[in-house]
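Both chains are given apart, each in its own frame, so use the hints to dock them into the complex.
From first to last, the protein sequence lines are chains A and B. Counting with the numbering used here, you get residues 1 to 233 for the letters of the first sequence. Counting with the numbering used here, you get residues 1001 to 1258 for the letters of the second sequence.
Quick caveat, the hints were computed from the structure, so don't treat them as lab data. Nothing here was measured: the structure is a model prediction, and the numbers come from that model. The reader is advised that the hints may include incorrect statements.
Within a straight-line C-alpha distance of at most 20 Å, the following computed EDC-like cross-link-like pairs (lysine to aspartate or glutamate) qualify [as the list claims (entries may be wrong)]:
(1) A/Lys-125 to B/Asp-1109
(2) A/Lys-128 to B/Asp-1109
(3) B/Lys-1138 to A/Glu-147
(4) B/Lys-1138 to A/Glu-113
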Amino acid sequence: MNRQGLLPGLDPRLKLVACSALALAVSLTPVRDHARFAAYLALLIVPVALSRLSPLGMLKRMLWLVPLLAFLILSLFLFGDVPAPRKYAVGGGVALKTVLVYGCFLMMTLTTETIDIIRALERLKLPKVFTSLLFFAVRYLRVLSREVGALRRAAESRSFGKRGRLKEIGLLTRVMLLQFMGSLDRSQRIHAAMLSRGYDGRLGAPGGSRLRRADVVFGLAFFGGLALAAVIL
Amino acid sequence: MSEKAITIEDLFYSYPGEDACLRGISFSVDRGETFGLIGPNGAGKSTLLLHMNGVLRGEGRVEVFGRPLRKDTVRLIRKQVGIVFQDPNDQLFMPTVFENVAFGPANMDLDRAEVELRTGRMLEAMGLSGYADRSADKLSLGEKKKVSLASVLVMEPDVLALDEPTANLDPGGRRTLIQLLRSIPGTKVIATHDLDMAFELCTRIALMDQGTIVAAGAAGDILADGDLLEKHSLEVPLSLLIATGAPPRTNSGWRPGP
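For reference, chain B alone in the conformation it holds in the complex (with noise of 0.2 Å):
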């Protein structure tokens, strides 16, 4: 296999009747290397995820493991590269949290027995032995990020990307999915808003604004390039400040009071 897992070579898609959405994206993440893509709102990160898997198909090259995506490829590919979407009310669309976790698996034309042993294992790894039957829609917001994350994960994912895995989560969610995502092997691309677990889990970043890559290197040089990140409407994340000791930037003005 390649030691490519993810290539894209000049990527355009644009939904219909919307101007483009993305404008000639090129990137590769290495196999095994946790990859985060960065970028304000409407930078086109979750439309690229979905070309990485197939669901969205745009002109340019995608090719996962030097494997080209096209329409005799697409289900291998999606068996491949798994994605957790950013809204979990979004992925949890069957009943109970044991058939949305063996969806997956139910469609990769497995046997019944297998597919409810991985479901079994798989909730069992994350810690959610108990929630089988329970109904998605009754689950905590922390607890359907958890879920959802096992639904893909149970498929056994080469890839694993991520759409905002942080988003709306509690201080105690969010650092317990942040060690959740450490102790995951396997190539990640991680697309967020989230500096800090960027900083904390990728090993390199591509900064995207409008449709394109504006910059992409080593995450702790594209992290730390300030006038970068706020020009794209970013910010230095706060735990690589205080890692290296700089002050804050407060160019807005505002201050607590009066």
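Chain A extracted, bound-state conformation (with noise of 0.2 Å):
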């Protein structure tokens, strides 16, 4: 995670409304509008910029995006029933659109810790249940991911090399699975874990609850320029 720069000192609350109201606005936006997507573009490098994120970096994670919109788009010209010429302002404004939601997401991730992200969740009174689901997710996909890693080393070194590609495969899934079988127990040791230091639902660590300047300053820039983009452009 990058802890420099701007974004990462905002509260998260802040980051996830922004983001949200960001990705809402360019949902609604026509496609036809290049000045509004222009001002979305620009409320998004602005921050990036001002955090010192790499945009290469960026770029790079958003590769995986390209077969998903290569499908989409194919998609559309294989099954739409709409002339050619709008066939393609459909398919750029989907895929502009794509970029823009999911690097305004994106910059939100890289600038705030996964904890901190569920903290602001149940902040802005999401349901309980939810934010606890998503901890206990995020938690266990580290725990499995290291065991995986584990058992997968161990049985690396009793293969002397000689399993191909296909039969890891079989093998990781195996291990997956297995590790997803045992689980509930690991489930059940640490939330009596959790419980025994008085746990009871709320992920009471530490964090302000109040907005700083910072805060306030980023958050007037940001939906004064939304809005203008969104209302006036």
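Written out as structure tokens, the structure is:
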């Protein structure tokens, strides 16, 4: 996670609300409003630059969108019942909106710890059951990946490098299945450890509830810019 | 407050779908003493520890400083009895060392400044000041055990319950932990296989097997009873043999060789 620059120091709630607002504005804006999209792009690029995030790094993380978008656009041309020029416009619009929305949330995840995002959701009054499940899922994914790695290494040490890629995938699948089956015990132990330290369903860990000056300044600038783009332009 | 830190009477517990794990356990721990729970694997030691602050609730009576463990007292009792789990990976579920240590105080309805103050102090006391922002996943086992202990001590419990505190530690880490435990005042209950540590730290000991307490008494008496220990898959600690000059028992017939 990037810890330098503007965004990492901001309140995660503000980042969540700002990203959601930008995503909503992008989704609702007609594709032909190029000026608005330019403004949205600016609202994304300026915080990225101020947070010293690497644009190349962000682009690399967006690469997995390529096959998804290719499939979406291809299906437009194969199955859509609209004239060709319109297809280009719709396809381009879908691609642009997807990249902007994804870029927006990518920016947030690169500058915010996962646990802080969950806490922000909790403070934004999302149901406790949702945030608790999210917390356990994140926690368990870390444990699972570490343990799968250890079991894979144990298997590797007895295979003398003779297994092919397919067998490797088969082994990993079985290892993960076994881990999932054992996950109940593990989650019970973690839950017991949480209960014994007073956990009652709330993630009452550190984190101020008041917005600071930097949050207010960023909020005013961001939402002012968004309002300007969405309403006035 | 009662002179008995923990009183357990006629405690029964079964995990769902399994045979009884605790079968009529009764014992008490005096205020300020270090009490050892020893026994083979599956004896029920860890399950018993989890009853001491209400994480598990069986049939029978559990009292902490004279206060019965009930639904309305469980929150207070969890503040009084801190449990350090055997596997620190189960206990360190937050991303950073600081957040793991701060988790308990944050659940005690303290304000943010107090939580940070307590956590900072505890990290310093445990020699972990430079670890605050480090990921708990990246620590060595010895460091993880220390952070686990800090995450419980920061809640300032009256009773510290430890489940296999020295398990899997190297000799240096084990020695450091034993010294640390010795330096911590207050009542301690230690469930362990490490009988040398039990001999060093505990005043009284209960030997458990198959969910019951089969013997209880002064640590020196229980740990010196070779027949009793052998019957329950344990053996006399080496440190006690050295102290008494008795020869070690070998009944497996195994010899290094050829």
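To see whether the hints hold, each was checked on the structure:
{"no.": "1", "hint": "A/Lys-125 to B/Asp-1109", "verdict": "holds, 19 Å"}
{"no.": "2", "hint": "A/Lys-128 to B/Asp-1109", "verdict": "holds, 18 Å"}
{"no.": "3", "hint": "B/Lys-1138 to A/Glu-147", "verdict": "holds, 14 Å"}
{"no.": "4", "hint": "B/Lys-1138 to A/Glu-113", "verdict": "holds, 16 Å"}
Hint compliance for this structure: every hint is met.
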